[in-house]
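Colleague: Between the sequences and the hints, there should be enough to build the whole structure, so can you do that?
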Amino acid sequence: MTSAMPAAERPRRPPAEWTLNPTITPWMIGVLLVGVVILGFSAKRMELDRMAMETAEYAAASAGLKESSQVGRSTARFVSGLFPFQISNETEVPLIQDFNRDALPWFSHLEKRESIQPILNPETLQMEKVVSTIEVLVEPIGYLGHVVMLMIITVEIAFWATAIAVVIAIPLAFFGSRNLTPHPLLYTIARGISSFLRAMPELVLAMILVLAYGFGPIAGVLALGLHCAGFFGKFFADDIENADRGPQEALTAAGANRVKMLRYAIIPQVWPQYVAYLQYIFERNIRSATVIGLVGAGGIGLELKGRFELFNYHHVATILLAIFLTVLVLEQVVGRLRRKML
Amino acid sequence: MTSLTPADTLLGGLLTARNMPGFVNRPHDHMVSFTGVAKRYPDGTQAVRGVDLHVPRGQFCVVLGPSGSGKSTLLRCVVGLTIPCSGEVHVAGKRVERRSFTTIRRQVGMVHQAFNLSPRLDVLTNVLNGSLSQLPTWRALTRFHPLPLRRRACDLLAQVGLVEEHLYRRAGELSGGQQQRVGIARACILRPAVLLADEPVASLDPSISRDIMALLREASQREHATVLCSLHQVDLAREFADRIVGINRGALVFDGPPHALDEAALARIYDREPATANVGPA
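Protein chains in written order, with this note's numbering: chain A, 14 to 355; chain B, 790 to 1071.
Some hints here could point you the wrong way.
Example chain B residues on the side facing chain A (calculated, C-beta under 8 Å, incomplete) [to be verified]: (1) L870; (2) T871; (3) I872; (4) H901; (5) R909; (6) L910; (7) G919; (8) T926; (9) A929; (10) L930.
Across the chosen pairs, the derived CB separations fall in these ranges [to be verified]: (11) H196(A) with P845(B): 37 to 45 Å; (12) P925(B) with L355(A): 25 to 33 Å; (13) Y293(A) with G950(B): 39 to 47 Å; (14) N270(A) with G833(B): 43 to 51 Å; (15) G94(A) with R958(B): 57 to 65 Å; (16) G833(B) with I42(A): 28 to 36 Å; (17) L355(A) with P845(B): 46 to 54 Å; (18) G857(B) with L45(A): 38 to 46 Å; (19) G857(B) with V44(A): 52 to 60 Å.
It should be emphasised that the hints constitute simulated quantities derived from the structure, not laboratory data. Backbone N, C-alpha and C define an ideal beta-carbon position, used for all residues, glycine too.
Modeller: And the structure:
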């Protein structure tokens, strides 16, 4: 083992003769050409040309250069339908089960409504206008309250989904990082599980879980939790692998095992990053929880879908506003919490 | 921080009793010995080529050499951070191998060139990290360090010249010199029989370097520890070493007391004119 250093064995050449890698290779040009062709075909299939045309048309109409545009008209119809926001809730008394006139819900009152309906008179065979009176229960902020309750459920789903994701991701990250895994096989398995969970679309997961657990938040929590566990598993593990080796070496030299090393050399280092992931995934889960509600996995999604399909755009407006405000407020709260956790 | 319970104190007492291993009183000829140690890295670099070196108990042995000469590799072999391709390393008569890593790492404290503290952890926890080999995993996970150990950490911090205000400061907020003080305290917490110092002052300025070296010597005398310290500064080596081992391109080229380190020896170690040798490469 006393051979000379490899550097000394190599023949020395003047710097002018050193081999430099070419900046442009035929391989690069080929890849570029093939890429352009494939992207061109794909863009045509995705109707990107039509997208550009219609958007340009809309822009022209907005600038007053054109009468109107298809996109503009449809959007305007929806947007004008949104206002005013639906806040109150009215229910016809005969439709309420076990209605108790002496114990009305809070902030609600009864109103008489007269409606004029044309009815065919069987004797004269003429259409006559008949005035009928219905009693309705008016709850001035009834619908808003309903949406807020659903939104709270949605946030709860997001919270528990994030918590479950973290719990599942911790072992996935431990075994799925090269510097901590006890065995390469465990590494492959952990990374495989992470990829699989990540690859399962949460909406599909939710549909399957609704079959298994029935309608309600369980399916939502599990679907989001499993999907995000894949994300956390990958991100946590990647950060563990990229953590500065210095402290890890110091603790190895001090005789610490893998778990202790993770605790004292790695976690302190990656913590700010982890908190950022946590914040991002939680916020994302709030948005996702509204979406997976569409398939009956609890939360506000089902209400949104129903109102959309009934063209109740005032209600849709209230729901969209609630989602927007919730995300906004929680972003602030979580951001403040995050600064405390660092 | 964690509250203190009688159980805490009791368990802590047991732990510190174990912290003073019996082997300290067992006679051995050499505390650290290298026999034919060679290391070639996968990229083909031959870092160490057949080193024989025996360090007796209590000696302050400095390994002197330019950067890239294999000093670090040699030291890392002692705690199994690097596994030699051939040859053997013994610590207190026990061969360093995968099976004995745990035992050996308990007897060896290491001070690193880049300090290698966890910058976001407080100073106290960083010192306590030196005791992780003794700590049950559940205690480590919950940061439930025994009180006697925490007291010892305070003593050590005071000995390396830090004060109470530093205790809960983040290690990364300290200056380089202060960080290395914490590093020395961490290396000493389990009363090691051997102190390894891998270029402990390479990233510090000259006057702080001298302070740190003095602390290292002080700590080793207090703990009756054998020191194996790699350096590239000739003046520091001359000042602090009981024995200087010169290494160049992975081979020993000098071995003797500081006064024997003459111009010819320096020329062998640094491959150049001795006059410029004491300005070591960074």
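Colleague: Each hint needs a verdict: does it hold in this structure or not?
Modeller: Right, here's what the structure says about each hint:
no.	hint	verdict
1	L870	holds, 6 Å
2	T871	violated, 10 Å
3	I872	violated, 12 Å
4	H901	holds, 6 Å
5	R909	holds, 4 Å
6	L910	holds, 5 Å
7	G919	holds, 5 Å
8	T926	holds, 5 Å
9	A929	holds, 5 Å
10	L930	holds, 6 Å
11	H196(A) with P845(B): 37 to 45 Å	holds, 41 Å
12	P925(B) with L355(A): 25 to 33 Å	holds, 29 Å
13	Y293(A) with G950(B): 39 to 47 Å	holds, 43 Å
14	N270(A) with G833(B): 43 to 51 Å	violated, 32 Å
15	G94(A) with R958(B): 57 to 65 Å	holds, 60 Å
16	G833(B) with I42(A): 28 to 36 Å	holds, 35 Å
17	L355(A) with P845(B): 46 to 54 Å	holds, 49 Å
18	G857(B) with L45(A): 38 to 46 Å	holds, 42 Å
19	G857(B) with V44(A): 52 to 60 Å	violated, 39 Å
Hints 2, 3, 14, 19, counting from the list given before, are not met by this structure.
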